[in-house]
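Student: Knowing the structure of chain A, use the given hints to seat chains B, C and D on it.
There are 4 protein chains.
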Amino acid sequence: MSVLPFLRIYVPLNALLAAPGLLAVAALTTPDMSGRTRLALAAVLAVIWGAYLLQLAQTLLKRRAEDVRDRPPAIIIDVLAVLVPLAAYLLVGAPDWSLYCAVWLLKPLRDSTFFPLLGRILANEARNLIGVTTVFGVVLFGVALVAYVIERGVQPEKFGSIPLAMWWAVVTLSTTGYGDAIPQSFAGRVLAGAVMMSGIGIFGLWAGILATGFYQEVRREDFVRNWQLIAGVPLFQKLGPAALVEIVRALRPRTVPAGAVICRKGETGDRMFFVVEGRVSVATPNPVELGPGAFFGEMALVSGEPRSATVSATTVVSLLSLHSADFQMLCSSSPEIAEIIRKTALERRGAPPMA
Amino acid sequence: MSVLPFLRIYVPLNALLAAPGLLAVAALTTPDMSGRTRLALAAVLAVIWGAYLLQLAQTLLKRRAEDVRDRPPAIIIDVLAVLVPLAAYLLVGAPDWSLYCAVWLLKPLRDSTFFPLLGRILANEARNLIGVTTVFGVVLFGVALVAYVIERGVQPEKFGSIPLAMWWAVVTLSTTGYGDAIPQSFAGRVLAGAVMMSGIGIFGLWAGILATGFYQEVRREDFVRNWQLIAGVPLFQKLGPAALVEIVRALRPRTVPAGAVICRKGETGDRMFFVVEGRVSVATPNPVELGPGAFFGEMALVSGEPRSATVSATTVVSLLSLHSADFQMLCSSSPEIAEIIRKTALERRGAPPMA
Amino acid sequence: MSVLPFLRIYVPLNALLAAPGLLAVAALTTPDMSGRTRLALAAVLAVIWGAYLLQLAQTLLKRRAEDVRDRPPAIIIDVLAVLVPLAAYLLVGAPDWSLYCAVWLLKPLRDSTFFPLLGRILANEARNLIGVTTVFGVVLFGVALVAYVIERGVQPEKFGSIPLAMWWAVVTLSTTGYGDAIPQSFAGRVLAGAVMMSGIGIFGLWAGILATGFYQEVRREDFVRNWQLIAGVPLFQKLGPAALVEIVRALRPRTVPAGAVICRKGETGDRMFFVVEGRVSVATPNPVELGPGAFFGEMALVSGEPRSATVSATTVVSLLSLHSADFQMLCSSSPEIAEIIRKTALERRGAPPMA
Amino acid sequence: MSVLPFLRIYVPLNALLAAPGLLAVAALTTPDMSGRTRLALAAVLAVIWGAYLLQLAQTLLKRRAEDVRDRPPAIIIDVLAVLVPLAAYLLVGAPDWSLYCAVWLLKPLRDSTFFPLLGRILANEARNLIGVTTVFGVVLFGVALVAYVIERGVQPEKFGSIPLAMWWAVVTLSTTGYGDAIPQSFAGRVLAGAVMMSGIGIFGLWAGILATGFYQEVRREDFVRNWQLIAGVPLFQKLGPAALVEIVRALRPRTVPAGAVICRKGETGDRMFFVVEGRVSVATPNPVELGPGAFFGEMALVSGEPRSATVSATTVVSLLSLHSADFQMLCSSSPEIAEIIRKTALERRGAPPMA
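Protein chains in written order, with this note's numbering: chain A, 1 to 355; chain B, 1 to 355; chain C, 1 to 355; chain D, 1 to 355.
Chain A on its own, in the form it takes in the complex:
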């Protein structure tokens, strides 16, 4: 099965449209190109511009109709995507007008949920990030100063001023290492070795801050989303508040495009699924359809046997999956629900077999 339907869930169509546009912009800057190719590329830009014009119109109409006030960036991006290339074409002219189509780089920000997430992480960790960046700056300047003092006599053309030495320092501290400026004296090389090790340390701090900030924010975001989704699964309403918080933490949301297989007969099953929205079909001798609130895949967890049937999505389906590890935990903290799930598994086993 093609990966495209899955991709479309994560990357909206209008963002994907920007990709050929930007490739055309890039291609147009290559020097030796025939006039015909040039024209074809300009046509690509024109078509995409047209599509974005339509999108702008649609956004404006919708906006008027629904009086949506909470997504100002979307409309700003839509306006810029149309206006900037137009203005550049009229005012800047050939050959540089096409560069201004790079404003379409903003399109992925328009509907993405990842960029706001990234923004929140940066805001949460602002203090620590500013701190590490300050350390980076202090080390950078200090190192450049020392390198300048050590090497200015040896290689005046490479280390003859602090700005030159800073260029070397940033290239080294980030472990990029172009190799255009290299200390020659013994002291300079010892310094360089220390700089590289500091670079690894600063790297580590940065990665650590971003990684833990990312993890925490994603966990919180998942919690809020799951909290809203479990409203669609009546079974969970029987849980007490503490068990509910636990289960909401453990669930993992998943959106599956229509037609995709969710679990396949014969596989070992390590999770069960709850349907939040949409319908799935269970490929038993006489196929069964399950809708919102239903669950499936529990038999593999209860009995430990492989999946007994293939389940696939009839429509776009929003699921919550519960891993075997968390299912055991759920059973231990809420025997009542465990009982319901076990009973269903047994009934289904007696009845036509199911995943």
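Don't read these hints as lab results, they were simulated from the structure. A virtual CB, placed ideally from N, CA and C, is assigned to each residue, including glycine. Hints are not guaranteed to be accurate.
[What the hints assert, rightly or not] Far from chain D, by Cβ distances over 10 Å, these chain C residues were calculated:
hint : residue
1    : 39
2    : 61
3    : 97
4    : 153
5    : 156
6    : 224
7    : 241
8    : 283
9    : 318
[What the hints assert, rightly or not] Under the rule of at most 30 Å between Cα atoms (straight-line distance), these lysine-lysine pairs were calculated in the DSS-like manner:
hint : chain 1 : residue 1 : chain 2 : residue 2
10   : C       : 343       : C       : 238
11   : A       : 343       : A       : 265
12   : A       : 158       : D       : 158
13   : C       : 238       : D       : 238
14   : C       : 62        : A       : 265
15   : B       : 265       : A       : 62
16   : D       : 343       : D       : 238
17   : D       : 238       : B       : 238
18   : D       : 238       : C       : 343
19   : C       : 158       : D       : 158
[What the hints assert, rightly or not] Stretches of chain C that chain D covers, calculated by requiring three or more beta carbons in the stretch to come under 8 Å of a beta carbon on chain D:
hint : region
20   : 16 to 29
21   : 195 to 207
22   : 210 to 222
Tutor: Below, chains B, C and D alone, put in the same frame as chain A:
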């Protein structure tokens, strides 16, 4: 709204002042520069020096008045910031005296809370950091020795001694890769490949130690700060000790400059706020002001609807925010507080709407 | 003791067999090589091809016999490993046919449990990985555009088009730093510095996502495996559901080849072992053999003394180890089991001493 | 105060002794050096060799006396450190005999607790590390093959065989980037970009595995050590098993050399200390000495005020520190102990003031 007031919360003014000074120091070392520019840059240094002289005076006066004994580094940094450039001007003279203004690099350490944090992390992880550094050193020397033996015949000018081979080893182990010394023999290149992979491993250990050390220390520091802040929110006094520890772990402190918007009408709300210090104003038809101990933003968590009013800071405000995920947890472990917050939300909804 | 038996547990034989084959493929491409060496290498390829042909036959027979339907990739890989080199030999001919033996790179995927794990991690984190990759792409294009505008006048041969500038950008953003294209203008170098720092940040996000995704998936996988393994240890059946979940989280599975020493007399012992499958022998004056369901090494945890006997594997042994820290936890939450373990330790101490 | 006594706790003297020896070995390989310097360096090696001979003698005597059987590597390292240089001097002769002193690189492994820790982490994570290394190998070979096919026509001297292309691939995949081999074709550069991104991903996996493996192993090791140390603090014997496990997790061991200041009057105190071994002196008007089992620094946690006295180590002291966050937790789970600590704080406040 400008980002400057936010920046000022994290980076003190006197540290920001060092930036233009250091830029001037750097600029003064560039060779071809007119005498006029040189004078202007020297003037910049003089002005900043003057400002730091004033700061020193202020620190000394305050010190005498308040008999503060617990921040010796601040006064040392203030004295050095004034004395070192002066001494250099008198003793070293042109053109190198300006280099000594680099002592202002210490200014960001003066009021920063990040540098002491970093110090504590390094102290906590000393054993592990020394361990990994020892591994780094042992690998470095061992690799240099082998590379020297392998390549000394092939390229005596690059690998003709262990110190030369160590230069290559440190450049490679840190994945910097200047490209000035590259093994040519087959054995040398296999060794180089292994060195690069070890480099990634040592990198990983270092990053892992710093990242987990950082995370733990920040969590502990946040706990202590929150523990002090919740004294300003009477509501929390009703919690039992276990729930209190939980909530203190979940709260996140935030300082907002006067005039900044804290939450905006129509946004989806994923957290509520408790005011610790300062006052906020709620932009309802007849605006309401809330002071220390009050909370707001709870309606979005209780009802799941978007924010019903914009709230902005009247003064500099110290807030504690509670994320939706942790709010649910609070509700499950302390029904009494959940009840108070829910009631307030309902009352406010009946009354003029609020965030 | 040789490391080979341990290696074989993690890397299946047929994957190891691919290694000499691929080395031969690589060697065959080196230009100056005698005809005799060439023939010898081709013979190596032929032998391995023969071995894979046998493996294919075996897989096909087994498949028919057992009607296994849940591992289609294995058979596909086996077929490709035989057909692709054969087809290349017949259709492509010398000298390039040997390159097609690179299809054997797929062999390690065949039986590995690590590749499916990696696949699940990538699937779980798809949203975040696509997000960071989008950020990477946006930054890459934006930076290349700016570098092109800044440097196209200075170095047209290096930055004369956006594709050329993108080459520089990707080399710099990944902190690889070949040094073939380096900005010369001041603005270009400031940009380069910012790019390197962004590179570290993107690096950090990526590493953070993969690291946490990895950690979570491994923990869940371990849980499921342990859950199945503890069925072989009757002692654990006495635990209540909550304690059982705890203990399953704490246990660590380990497979030991026949003949290997599990714990050595005189060592300090920080964990005890439960035998799931196979037999171990305890080197006391009159040696004891323990089989599935037995445990050993508990005395070191109860008394804090060094191991009192060496224990080694008689057959391939599947063990679950419990660390001292988790043993204390087990004792605190399930006094009954603690009592059993303590009693056994005392009895054994009275009787001939044991680990 | 000097950092040396602290360093000595983590790095044993005989390992520090190896450093000058190895520096001398390195220096001896530099070509233009006077005979006198050469002799002096050889003398350094001879002195260190003598010291290691003494250490060997001591180890052998101790071994006979105490019949220690559990540390065979120590004696092997001691023997090698003496025998290898001697054999090299007799058999290899000038100038290469000094290279064999590099066997002293093993000395840091002799008493280090970090190397065994590293070994355990690598053993625990063997499966995952082998997995990622396999991925690395597969990607490396695959990429080298493709690069060879793409670039062999363009730059036969750089990419003319798979081994040559693998050299480029490993330099690029590890983001080292020497810049000696750079793809020139468009396809080759696109491949290179993909390789760099894969390199970051593999980096991330590696770092993630090592980081989490490290964190877990250190936590377990700390638990075991703390579990042994709390035997020295009678106060903790009153805790129930669950609270004891919690507190053992929270405590942090620390060794302080004689004379060092543990906490300083006027500082803000965020942790309290329990004395396990050795004695500390409290600098109150009439100084108090505290020995094993005592605690101090609790007043700052109970009252939130700055430290009221400076406490320093009289002998080498082994401490357990408890952070404010964990102290609050302890108070909430064990009111009895909280009461004892609070009472002591109040008594001490009435009596001569203390930290």
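Student: Would you mind marking each hint as holding or not holding in the structure?
Tutor: Quick rundown of the hints versus the structure:
Residue placement check: residue 39 of chain C keeps its beta carbon more than 10 Å from all beta carbons of chain D (closest about 18 Å). Listed as outside the interface, residue 61 of chain C is consistent with that label: its C-beta sits roughly 28 Å from the nearest C-beta of chain D, beyond the 10 Å cut-off. Once the 10 Å rule is applied to beta carbons, residue 97 of chain C is consistent with being away from chain D; the minimum gap is 13 Å. In this structure residue 153 of chain C is separated from chain D by more than 10 Å, as the shortest Cβ-Cβ distance comes to about 23 Å.
Every beta carbon of chain D lies more than 10 Å from that of residue 156 of chain C, the smallest distance being close to 17 Å; the non-interface claim holds. Once the 10 Å rule is applied to beta carbons, residue 224 of chain C is consistent with being away from chain D; the minimum gap is 15 Å. The claim that residue 241 of chain C lies off the interface holds: its Cβ sits roughly 18 Å from the closest Cβ of chain D, which is beyond the 10 Å cut-off. Non-interface status of residue 283 of chain C relative to chain D is upheld: no Cβ of that chain comes within 10 Å, the nearest being about 14 Å off.
The Cβ of residue 318 of chain C sits about 14 Å from the closest Cβ of chain D, beyond the 10 Å cut-off, so the non-interface label holds. Our distance criterion of 30 Å between C-alpha atoms is met by residue 343 of chain C and residue 238 of chain C, whose separation comes to about 16 Å. For the hint linking residue 343 of chain A to residue 265 of chain A, the alpha-carbon distance of about 21 Å falls within 30 Å, and the restraint holds. Using a Cα cut-off of 30 Å, the hinted pair residue 158 of chain A and residue 158 of chain D holds, with the two alpha carbons roughly 29 Å apart.
For the proposed pair residue 238 of chain C and residue 238 of chain D, the alpha carbon gap of about 28 Å is at most 30 Å, so the pair holds. This hinted pair checks out: residue 62 of chain C and residue 265 of chain A have alpha carbons roughly 20 Å apart, not beyond 30 Å. Restraint check for residue 265 of chain B and residue 62 of chain A: satisfied, since their Cα atoms lie roughly 20 Å apart, inside the 30 Å limit. Of the supplied pair hints, the one linking residue 343 of chain D and residue 238 of chain D holds, its CA atoms being roughly 16 Å apart against a limit of 30 Å.
Straight-line distance between C-alpha atoms of residue 238 of chain D and residue 238 of chain B comes to about 28 Å, which keeps the hinted pair within the 30 Å bound. The hinted pair formed by residue 238 of chain D and residue 343 of chain C meets the criterion: a straight-line CA distance of about 24 Å does not exceed 30 Å. The hinted pair formed by residue 158 of chain C and residue 158 of chain D meets the criterion: a straight-line CA distance of about 20 Å does not exceed 30 Å. By the rule of at least three residues with a Cβ nearer than 8 Å to a Cβ of chain D, the coverage given for the region 16 to 29 of chain C holds, with 5 such residues.
Coverage of the region 195 to 207 of chain C by chain D holds [criterion: at least 3 residues with CB-CB distance below 8 Å; count 4]. Beta-carbon proximity to chain D at under 8 Å applies to 6 residues in the region 210 to 222 of chain C; the threshold of 3 is reached and the given coverage holds.
Hint compliance for this structure: every hint is met.
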